[in-house]
Structure formats: C-alpha cells, structure tokens
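Kindly generate the complete structure, drawing on both the sequences and the hints.
Number of protein chains: 4
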Amino acid sequence: MAGNSIGQLFKVSTFGESHGVALGGVVDGCPAGLEITEDDLQIDLDRRKPGQSRYTTQRREEDKVQILSGVFEGKTTGTSIGLLIKNGDQRSQDYGKIKEVFRPGHGDYTYWHKYGIRDYRGGGRASARETAIRVAAGGIAKKYLKQIHGIEIKACLSQLGPIKAESFDWQCVETNPFFFPDASKLDALDDYMRDLKKQGDSIGAKVKVIASNVPVGLGEPVFDRLDAEIAHSLMSINAVKGVEIGDGFEVVEQKGSQHRDELTPEGFTSNHAGGVLAGISTGQDIIASIALKPTSSITIPGKSLNINNESVDMITKGRHDPCVGIRAIPIVEAMMAITLMDHLLRQRGQNPHVNLVHGAIPGSNNK
Amino acid sequence: MAGNSIGQLFKVSTFGESHGVALGGVVDGCPAGLEITEDDLQIDLDRRKPGQSRYTTQRREEDKVQILSGVFEGKTTGTSIGLLIKNGDQRSQDYGKIKEVFRPGHGDYTYWHKYGIRDYRGGGRASARETAIRVAAGGIAKKYLKQIHGIEIKACLSQLGPIKAESFDWQCVETNPFFFPDASKLDALDDYMRDLKKQGDSIGAKVKVIASNVPVGLGEPVFDRLDAEIAHSLMSINAVKGVEIGDGFEVVEQKGSQHRDELTPEGFTSNHAGGVLAGISTGQDIIASIALKPTSSITIPGKSLNINNESVDMITKGRHDPCVGIRAIPIVEAMMAITLMDHLLRQRGQNPHVNLVHGAIPGSNNK
Amino acid sequence: MAGNSIGQLFKVSTFGESHGVALGGVVDGCPAGLEITEDDLQIDLDRRKPGQSRYTTQRREEDKVQILSGVFEGKTTGTSIGLLIKNGDQRSQDYGKIKEVFRPGHGDYTYWHKYGIRDYRGGGRASARETAIRVAAGGIAKKYLKQIHGIEIKACLSQLGPIKAESFDWQCVETNPFFFPDASKLDALDDYMRDLKKQGDSIGAKVKVIASNVPVGLGEPVFDRLDAEIAHSLMSINAVKGVEIGDGFEVVEQKGSQHRDELTPEGFTSNHAGGVLAGISTGQDIIASIALKPTSSITIPGKSLNINNESVDMITKGRHDPCVGIRAIPIVEAMMAITLMDHLLRQRGQNPHVNLVHGAIPGSNNK
Amino acid sequence: MAGNSIGQLFKVSTFGESHGVALGGVVDGCPAGLEITEDDLQIDLDRRKPGQSRYTTQRREEDKVQILSGVFEGKTTGTSIGLLIKNGDQRSQDYGKIKEVFRPGHGDYTYWHKYGIRDYRGGGRASARETAIRVAAGGIAKKYLKQIHGIEIKACLSQLGPIKAESFDWQCVETNPFFFPDASKLDALDDYMRDLKKQGDSIGAKVKVIASNVPVGLGEPVFDRLDAEIAHSLMSINAVKGVEIGDGFEVVEQKGSQHRDELTPEGFTSNHAGGVLAGISTGQDIIASIALKPTSSITIPGKSLNINNESVDMITKGRHDPCVGIRAIPIVEAMMAITLMDHLLRQRGQNPHVNLVHGAIPGSNNK
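Protein chains in written order, with the numbering used here: chain A, 1 to 367; chain B, 1 to 367; chain C, 1 to 367; chain D, 1 to 367.
Hints were generated in silico from the structure; no laboratory data involved. In this text, all values refer to a predicted model and were calculated from it rather than measured experimentally. One or more of the hints may lead you astray.
Ranges between beta-carbon positions, derived for each pair [claimed, not checked]: (1) C:K99 - B:E38: 45 to 53 angstroms; (2) C:P162 - A:H149: 56 to 64 angstroms; (3) B:E310 - C:E73: 21 to 29 angstroms; (4) C:S270 - D:T175: 35 to 43 angstroms; (5) A:H149 - C:E174: 29 to 37 angstroms; (6) A:K86 - B:Q171: 53 to 61 angstroms.
Dumping the calculated DSS-like pairs for lysine-lysine here, alpha-carbon to alpha-carbon at most 27 angstroms [what the hints assert, rightly or not]: (7) A:K154 - A:K185; (8) D:K185 - C:K255; (9) A:K64 - D:K164; (10) A:K303 - B:K255; (11) B:K255 - A:K198; (12) A:K197 - B:K255; (13) C:K99 - B:K75; (14) D:K75 - C:K208; (15) B:K255 - A:K164; (16) B:K255 - A:K99; (17) C:K86 - B:K64; (18) C:K49 - D:K255; (19) D:K86 - C:K255; (20) D:K164 - D:K255; (21) C:K164 - D:K164; (22) A:K185 - B:K255; (23) D:K255 - C:K164; (24) D:K303 - A:K86; (25) C:K303 - D:K86; (26) A:K86 - D:K164; (27) B:K154 - B:K164; (28) D:K208 - A:K86.
In this text, a Cβ means the ideal position worked out from N, Cα and C, and glycines have one as well.
Below is the structure:
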C-alpha cells in the first residue's frame, strides 16, 4: 500500500512538503454529528508552531488550517473532511547549496536511492513540516474522543538529554515552552539549551503520553493489537527511534511477581502494563514513551558525500531545532488520538453487542 | 480491519488457539518460483519448540507444519499458500479452575470485556501458541529474502534480567538453549534460571535482531516508514512492551554530533540509525531490540477476581516459561522477515522476475 | 495488496487449488457469541456439490468442512475462524496432456504469463474448486445476518441460454437441480441440457440474487458504495462477465420519470434501484444479477498453442459442467452475504449513534 | 474501511461536496520521475465540464485544478500528490426548498438514514461533482500508463436511450458534445435530446471503454481479479447500475464453442473475453461497458416525503442533465486508468525503474 495513509475506519491521508505550495489531507470516517471548527484544530497547531520559544526554529510559519469539506452547519456530516494549510515562509535559498549533497542523518540519501529523485529543499516530504496536517487531523479525533467518550490525551517532555522530570505537574506542562512537567528543573533546561545553541549542537529527548478514561476492549489481536498500532503510529513520527508501553524497557529486569498488575474489586493495584494487556486496552491509563534522536541539522561540520560520490563537509546554516523533541508533543498527542479513534470505531463495528465500559472497572459484567 | 492479518503485498493471515483443533494460516503474495518445502519451515519451528531446555515449558508439542497449497513440484506458484499445524498435547484439565477467574497479567480480563466471551483454556487466542504459524510463515519470507536477495536475519537474547551479553558470537547463539551470544555468561544464566524456577517466579528479557544486506530504499513514508512497520510487527508479539531501532532509547542523551552517521566514499562511518533513515532502509544492517515482560504465569500466588467481582487468590499450576524471551527469538526473526518481505515487494512488485509483455502475444515465453 | 482476501471488518482469506492437498481459509471479524457448527456450513456446501444432477460434473467430491478455531462451546469467540476442506477425488491423470498447452478460455495462458509458472492440473487456483471455501465462509455470514438481523439471501437461475424464467417461485428453486424458479420450463431445461451434453458444448447463464430485510444505511461512499462492493464481490466469481443492480442494463432505455422510485408514507412505490441509492442501501430488497459465460471445457475441439508457440488442437476429456451457472447459486449467495456482513459491521463502527433500521421505512426519523 | 479511498499501491483519496468550499484529494503511489503539469490534468477536466453543449447542465464551473505537492521541477517525486479544485458557481438558493424533503432517486433519503444528518445543498457528497477530482487523479494515471507503457484508454457513448451506435469512429467521438462514435446518428441524437428537454424528462445511457496495449498479467486472483476491480471502480461512479466485460450479458446465450477465444501463433482469433481471462489481463484490448440510469432531477413532478413523513410533490427546478451519461465519459476513463495503474504497480512495485542496491553503498548513482 502506498504509505501516506493510516487507519482503517478512521483514515487519515496526507500530502505536502516543507517547501511545496501547501500541506493537506483527507480525514475519512469521522462519524456524523460532531461539532468542529477550524479554531478547534488551530489550538494544537499553535502549540506546535515554531517560534514559541527562543530555542525553537525561527522559521515563521502561519499554519492556519482550513476545513474544506465534510462539515455542514458546524457539524461533521460523516463524509470525508478536507484539510489545507498553506505554506508561507520558506526561504528556499537557504537550501540551494545542498542540492547535490546528502546531509548525514537526513533522508536525502535514502530518498534519492528509493525514488531516484528528491526535492532537496528543506527535507521535502521527509521534513517534520508534514506533521502539521497530522496535528490538525488529530484535533478532530481528540475532540470526538473527548466529547463523546470523555477520553483525554496529554503528552509532555519527560526527559531532555540528561535532565529528567522527577515530578509530573500537568499545569506546569502548558506554561513553559518545553512542555516540561517539573518546574524545579526549568532553569537547568534553559541553561542547557543555551549552551547547546552556542555549541551549534543538538540533543535527544523523551516524550511521555497518557490517554485516560479509555474504554476496555480496544485493539484487534493478534496483529493489530492496540500497543502494536500505537507503536506504529508513534514510530512514524520523524526522529523517533524507540517506543515503549507502560514500564517499557524496565520490564527486562522485572520479576513476574513485581510486574503483574493484580486485580481487586476496587480496581487494579498497579499499572505496569501501561493500560494494554494481550493487546487490548484494560481501561487503565494508556502510558507510552518515545525516544527522539537529536536532529542532524547542526552547525558543527560533518562529513558527507555529493551525488558524484565525492567527500564534502556539511554545515547546516538554515534554521533548525536544537531539540526536536519539544515540538513533538502535539504530534504525539495527535497520533495517539488518531489510533485510539480508529480502534474505537473498529470495536463498535466488530463487537456491537458489547457495551463500551470506560475506565478500569474490574469484574464488571458488561453484558 | 479485522486484526488477524498483516502485510499488503505479502500478507499473512492466521487462526488458532492454544487448545483448539489446529493452528493455521494463509500466506499470500509470495512470488512464484521459490523452492520451498515443509522441512524448510520445520527448522525454525523446531528452534521455537518447548522442551528444548529444562527451563522452558514442559509441554510437548509436535508442531509439524503442513503446506496445503500454493506449491507445485517444489516451487511456489504465486497463489496463496495454506499452512496447518495440528495441536497435540493440550491437557485441558489444567485450566478448568480458571474458567471463571481473570488471571492477572493475562488477556483473560481484556478478552472477556472485548468480546463478552472467552476461551479460557490456556490463554485461547492470546496464547503465545499462535506464534507457531507466524514462525512457519516467516520461514517462507526468510527463504525468499535469503535466496533471491542475500538478506540474512538473526536474533539472539541480548539480556536476561540483570545479565547482559557483553560480546556477540553468533556461533554461540545457536549452541545454547538460551540463544545467548556471550559464552562467558552461560553458567551465570543457568544458575539464575534455576533459582528462578525454585522461587516459582519469572523474569523479563531483551532480544536483539539484525537484518543484513538489506537493499537501500525499503519503507513507504510517511506512515508506513520501515521502522514504524517493524515496530508494529515486533510489538504484535506477545509480551513485548518496547521496541527500539539502532541506538534506541540511548539517543535521548546523545548529541547530534555523536549520533549522526557520516557518509564517506568508503561507506557510512557508523550505524547509530540502525539501518533506517527518514523511514527508509539505508543498506546498513537493520538493528532492532525488543523488551519482553516476565510472564504472569508463575506459582507465586497473586490477587485476582472472578467474574462475580469477588477476590480470589491465583496460583498457576500449569506449565509455564520462567522466561518467555528465550522462545521469542525465532518469532522475532519471523516477524522481521515478514515485514521486510512485504516492503521488498512493495518497492519491487508482486512478480518482479517476470518482464511485462505488452499487447497480446500468445505463446511468447517471457522468461 | 495480495488478492486472496476480501473485506475490511469481516475479512475472508482463502487458499487452495483444485488438485492440491486441501482448500482452506481464515474468516476474521465475526462478532463473538454467534452459535455456529460445521453442519450449518455443510448445508450450502452440499447445495454446491457436483453430482447433484446428471448434468453437473461427475467428479465426486466430499467437501466436508472442518472448523479449526474461533468457536468455543458452540459459539464464536470473536477470534479468527479457520476452515478446512480436504480434497479427495482428483484424477490427476486426466490433465497430464495439457501440461504444456494453454486451453483457450481458461487461465492457463494468463497464469503462465503473470507468474512464469503454473499448476496445470485442472485449473489450479483458477479452478472453481476454490469457491468451496467461499461458500463455507459465506455460511457464517449468512447465519449472522439471518439470526441477528433477520436478513435473508436467496439466489436462483433466472436464465439458461435462451430459456428465461417467467415466474419466480422460491419453493420451486430448492426442488430442482437447476435452482430454476419457473416450474413450467423445467422439461424444456432438461431437454436443452441433454442436447448440449450430446453436442459436447456448453451454455451461459444468468443468476439473480435477492437480499431482503437489509437495514437502511449500508455502504461507504464514494468508492466503497454498496453496489460497487457487490459488483466486486460477484465479479470475483469464476466465469462472471457482468453484474447489474436493480433494473441493470434496462435503465439505458428508461426515462427518469419511469425509473425513479417514488416515496410515500406507506413506502416506496417501486424498486427500480434494486435496493441501493447513491451507493447506500434503502432498506428495500437488494436485487442483483450476474452473467456467467459458458465454460470452455467442452469436448468440441478448438485451436490452441503449446508453450513453444506451436498450434495444437484442444479437446477436453476430463469432467466438466455444460453449464457452470447452475453451481454458482450458493457461491453468489455466499459472496452477497460476505459483502453485506462487512458493511453491516462497518456501519456499526462508522455511525454508532444511528440505530439500524431494517426494511424500507421511508420518513422514519431514526434519531 | 472508510470509503473515500481506492487502490492499494496507487491510492486515491478524495473529499468535497457540490456546495462546499473545494474538492480535493491525495494521489499516493505515483512512481517518481513522471513529467506532469496542471495543464495535463486540465484537459480531461475540460472534457467533463458542464456547459459543453446546450443539453448539459448550465451550471458554469471553473474546475481549475491545482497541484499542491509531490511534483518538483516538473516531475513527480514519488511522494503524495495533493490536488485541489475550488468550487465557484453554486447558487445555493436553488436548493433551499428541499432542505426537508427527500428527492426520489437521489441519496437524500439514504444519507439521512445512514448518517443522521445531511448536507442538502445540491446532493452534497452524493453529487456527481465529486468526480471532478477523480478525473484529475485519473489524469496522472493516464499519463503514466501512456508514457511509460503505451497504454491508451478511450471511452465513448455507445447508446443513448433507444439510439445505438452502429459504427465506432474514435475521431467522431472527440468532435461532438455527446462523445458519440457514429456520425450517421448525430442528428437523431440531437432531436431526441431536444424533445427530452421539452418534456422535462431524462434518459439512461450506455458507455463503452477500451484500454489497449495492456500488458499480460495484471490482476490479483482470486478476489482482486482485474475484472472484479474494474467492476468496483466503474460501479462506484454515480448513476451506474451495471458493468460488463467483453461480451457481457450476451454470454448468457452463447455456446462455449462460440465464446472461447482461440489461440494461434499469430494471436487470439477473437476477444469475447474482453481482455480478461481468469481475472488476469490477456494483453488484448480490455473492453467494458456500463449502464447509467436516467437522472431523477427532472421537472416532471414526482411523489416524495419530507422528514415528517408527509407526502409532498417534488419538482426539480435547478439545473440538471437530461442525460448524465454524456458527462461520464472522462470519469469512466479516469476510473479505468486508476485501476490499471494500481494493478500495474502491484505487478511491478512502487519504484520499478529503480534497481535494488543491496548493502550500504553511499553515493552510488543507481540510475
């Protein structure tokens, strides 16, 4: 299958490069009757916008989303929804020099070899810019999940380089440009980033996402297990090199007696599983983390090749993010929303006789 | 979509529960002309079989696979291949007691709430038993990849609980029942496992898989990026809680200047990316690791509920694996093979060895 | 996508050739809780079996279907259902002569050129034999549709060569080997077929299928319109060369004032549309017809080629059907059932807030 | 699956209603390197435009298509192509009266019951207007098929009401507003249409499409047989009630000795099969016909209901086509192109022009 679509009953198909005319997409499968406006979608786009802090890309983008179809008198009609975001501030000339060079760590080399041609301006389709439409599409899913099912999705930066969040205050997340949940470390973060920018280097990050009040029963074993689909969805975001659910890689050193989440009439006693068991949601919070690699667009020179197989030194002078992880937060929420939306509809279709039970209610006989 | 299929051009659909009549599947899309026999597939099934060491499940399974279609005079015909493995040794009475109880850490609770019904014998469809067919299907992919493209896929146990492999000797992997690559730690592993079995507990594990000689250009951005599909594929294996590519979660603390793999006329200078860049294979080894949780089938009692929402104590007396990670090795190889096969065909088509003949030319032999 | 699967939420994947070991398939997505037995599926398989009348193929096939998974204590569990039918009576020696010859009108030529190899025994995967599994899978869908939704699906032979049914008596359909609904023409049919067999020739046929009590609202515009999916599904049956819905090709000469089905508080005044409007079911009977070509396996010699591009005379001596249309009836019902089942689940998933309204009830506000 | 996408390797997803802001879509999977411009796509859009003759809809539409991504320096990049057509001349007030009425023969009734809501302006998503984007997308496929493979696709009006084309002159097709291939009957057509418009009625039509120089081997048995996919694709066009391949419904009365296309060293002796055998292309012309129903938007009053289940008389006063068949010609060509493109890539892969390079060989120019 051509790879620019995701989802079965709730399907998102996108197009657009960093320096093309526009980004856009088709969101297909949103049930009818949901109230939705461009402002609803603009909220998360603004959270994603570069220029939010002095450390993120200085590229000024408008990122104004338009809804072109599928909404009538303020409500979804059940037909496909067209989304469009025009590209604005592109500064093509920044990229002219790399026309014939493969920047290390970018998709230049692989796109060239896969397609035999590449749009060398700013990363083309490989650029993180295409995620703007994912965020808009995710906005539709987020609203449906919240309004119809009370499901909330929140992400935050849990670690930046060596600096880990030790406490999680969601209020704090929304009031600093890093989406960091631990107020006590904000100054350290600031200093670290400033030094990084001076060095002309970049750093990796870890993002944590939580979906709460999810119904029991989402996920389609064995191959479309919910965790497998979440992994797919999150790993499809640029720069992601790892995905984990619940305790993730910590389980390697856990004993079975430690790891298992016991059941009592009051509820589960723990959530090592991260809300997914045997590939199906348990009703507990779904907790996932991703690892984002440091961007390769740094001002420290590096070795590369041109298309004639000759060595060249690479220095990026364009605008870049010293830490792409910061911008990923709204994208991670959007992808989680898109995946949960798809599975919600699939469960409603696949098991119509079963009532959806929200949250973790062990032992309740829902028939 | 119903979740028991994976892949687009190379599609595997499976059925079967641990205590049903048989396991089976349809492997669709293997190009014609590949020499394949039941013995080819039996090799990996035998590697997966319980009873291999005194620490793995004592359940004796035959696991003899039959090829029911799609192969003629020893070669694939390009039509769908049917696979069948009859279940043998099931000991149903072991599970009678848990008919009305949700074993913590298993799919009992979630399957009950998703479907409103569950096959309580031994885990039903949630059991790792269903992976036997994946291994057989993966065998077809492995052979095609190896024979036609020289691609090799190998996995090993890189960590069991606190014991990490410090060196990687692939010869060693095949000569111990743990698939462990570091000979110097085999005694330690043995002791650790013996203690675990006495305690009646279990432990997690980490498995590493490497695919070498992969062509450049596999992967379909943006959503079907190769790493996203590998993550999906590996996370769909029972007990997996995390997937990472290349340096994985280590990238969180890496600087851009460290992480990027520079290009020279002789080749890449490193492989932090793990063989995938911007979602497309680079030609370098694809390196991935997964985290497997410790099994919840242990003899240490735990709290659980029955279907009347009453507290019960759970003790598993059936057969179990103190470390499921050990058995995952052939399954991991199989899933990697299935995913790479699918992407190879998506890049190359269903019948790449056949030249397109335009217009009606009867009788022309186009080979 | 590899082509041996059909459906999204209710997905059927099949394997098996006419002379292979067995036919089989995976039926994925049947909701849990449906009572189903092998006997339920055997009913339609027996209707399809050759040897039913002296005019149909004399090949004796057992066609005994086994359910290998997905059913527990007599009910579906919601997991994938494995089906198996062993091949029995094959008489391979009948086909030895055609190993290197392309029989005109068969898939020999096209399979050879598509795959570069072919299983020459009896048509291989192109043989109508593979439809046995479709009939078994369709049996599951038929039962669910009938039991849970009261939907009934019936097909009959509406025309054989020049002999058209002028009246439709469904009782009559089940009591003659032709599935013909007009008792007054049965003798004529008999005579016609006897002459045909003497001539060693074959004839085409038209089959009509009706689904009644279908809910309003099935179908997913614009590409998965219900009629488009029905057309796909029916055209995928061997020998089908045309599909029409409602008045079908008669609409070419109809005026708008004649064709449109007017709405009154008592119901629609007609059903020229055949139960589908703008690609969505109206609640009225869904009426479709297919045209089946005459089989090319006849004893009258014909010109063909061998693989060395030399002219040869073709005479089929094996067993064959002078009219394949007769055997298609259960297959047509099965494919209609599979498609409606898929769309029923998709509607339940896609529009969960809308209650399914069965039958044609114009004007009823179902919110 | 949400129904607004079609295709696997060449996938088209669309959005847009007749009175929405714009129509658009994503065309995913076109191989890189194809030269394509907006003018290329505009050609077929202009052929489809209303106002071409005095008999077609008087609605003036601009139908100017924009390419928003996926094309760089005049060539496709292999990434998804975004298309946009802004809606212009809508005259919403024409439809105000039907806000609460179900027009017979239209999707009003079915959309209302499926979604619980409908965009009542001009047919909404059910309107033929959405096919404009299909034509644009089909233009990309047509160019690729023609340029890379020499495949040509042409459609014409073969019958309008009682008037059948007796001869087929493709030059004639392009020089009259009816796309009719028989010059001797043009006057009769003209007279017939004039009378129809006076009566305020409409008529059905038959359209024939031919694809020539198609390679042998396209189609994925058993469910994605090429003819089944063509049937799906063509039946998804508004107003289509029947699809036939080759001799279509004539085969019902054909003997096997007549129907089969014999093979000689010089070629096939006939083409009753219409270019598809056992679901795979033979290399001969693919010939298909569709039946289009007469539009229900006529000025002759008809009975209908409003949403309160009360009888009302319906008269359409807006602009309409007395014969929609005339406008379908470019749409039929587009859908045939989209389907053949998809199957060509499935047989050949996403990037057939690129050689697979194994292992990591930086800088090697593999073209």
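Results of checking the hints against the structure:
{"no.": "1", "hint": "C:K99 - B:E38: 45 to 53 angstroms", "result": "violated (24 angstroms)"}
{"no.": "2", "hint": "C:P162 - A:H149: 56 to 64 angstroms", "result": "holds (60 angstroms)"}
{"no.": "3", "hint": "B:E310 - C:E73: 21 to 29 angstroms", "result": "holds (23 angstroms)"}
{"no.": "4", "hint": "C:S270 - D:T175: 35 to 43 angstroms", "result": "holds (39 angstroms)"}
{"no.": "5", "hint": "A:H149 - C:E174: 29 to 37 angstroms", "result": "violated (48 angstroms)"}
{"no.": "6", "hint": "A:K86 - B:Q171: 53 to 61 angstroms", "result": "holds (59 angstroms)"}
{"no.": "7", "hint": "A:K154 - A:K185", "result": "holds (20 angstroms)"}
{"no.": "8", "hint": "D:K185 - C:K255", "result": "holds (20 angstroms)"}
{"no.": "9", "hint": "A:K64 - D:K164", "result": "violated (53 angstroms)"}
{"no.": "10", "hint": "A:K303 - B:K255", "result": "holds (16 angstroms)"}
{"no.": "11", "hint": "B:K255 - A:K198", "result": "holds (13 angstroms)"}
{"no.": "12", "hint": "A:K197 - B:K255", "result": "holds (12 angstroms)"}
{"no.": "13", "hint": "C:K99 - B:K75", "result": "holds (16 angstroms)"}
{"no.": "14", "hint": "D:K75 - C:K208", "result": "violated (49 angstroms)"}
{"no.": "15", "hint": "B:K255 - A:K164", "result": "holds (16 angstroms)"}
{"no.": "16", "hint": "B:K255 - A:K99", "result": "holds (26 angstroms)"}
{"no.": "17", "hint": "C:K86 - B:K64", "result": "holds (18 angstroms)"}
{"no.": "18", "hint": "C:K49 - D:K255", "result": "holds (24 angstroms)"}
{"no.": "19", "hint": "D:K86 - C:K255", "result": "violated (33 angstroms)"}
{"no.": "20", "hint": "D:K164 - D:K255", "result": "holds (25 angstroms)"}
{"no.": "21", "hint": "C:K164 - D:K164", "result": "holds (25 angstroms)"}
{"no.": "22", "hint": "A:K185 - B:K255", "result": "holds (20 angstroms)"}
{"no.": "23", "hint": "D:K255 - C:K164", "result": "holds (16 angstroms)"}
{"no.": "24", "hint": "D:K303 - A:K86", "result": "violated (47 angstroms)"}
{"no.": "25", "hint": "C:K303 - D:K86", "result": "violated (56 angstroms)"}
{"no.": "26", "hint": "A:K86 - D:K164", "result": "violated (49 angstroms)"}
{"no.": "27", "hint": "B:K154 - B:K164", "result": "holds (18 angstroms)"}
{"no.": "28", "hint": "D:K208 - A:K86", "result": "violated (40 angstroms)"}
Of the numbered hints given earlier, the model fails hints 1, 5, 9, 14, 19, 24, 25, 26, 28; all others are met.
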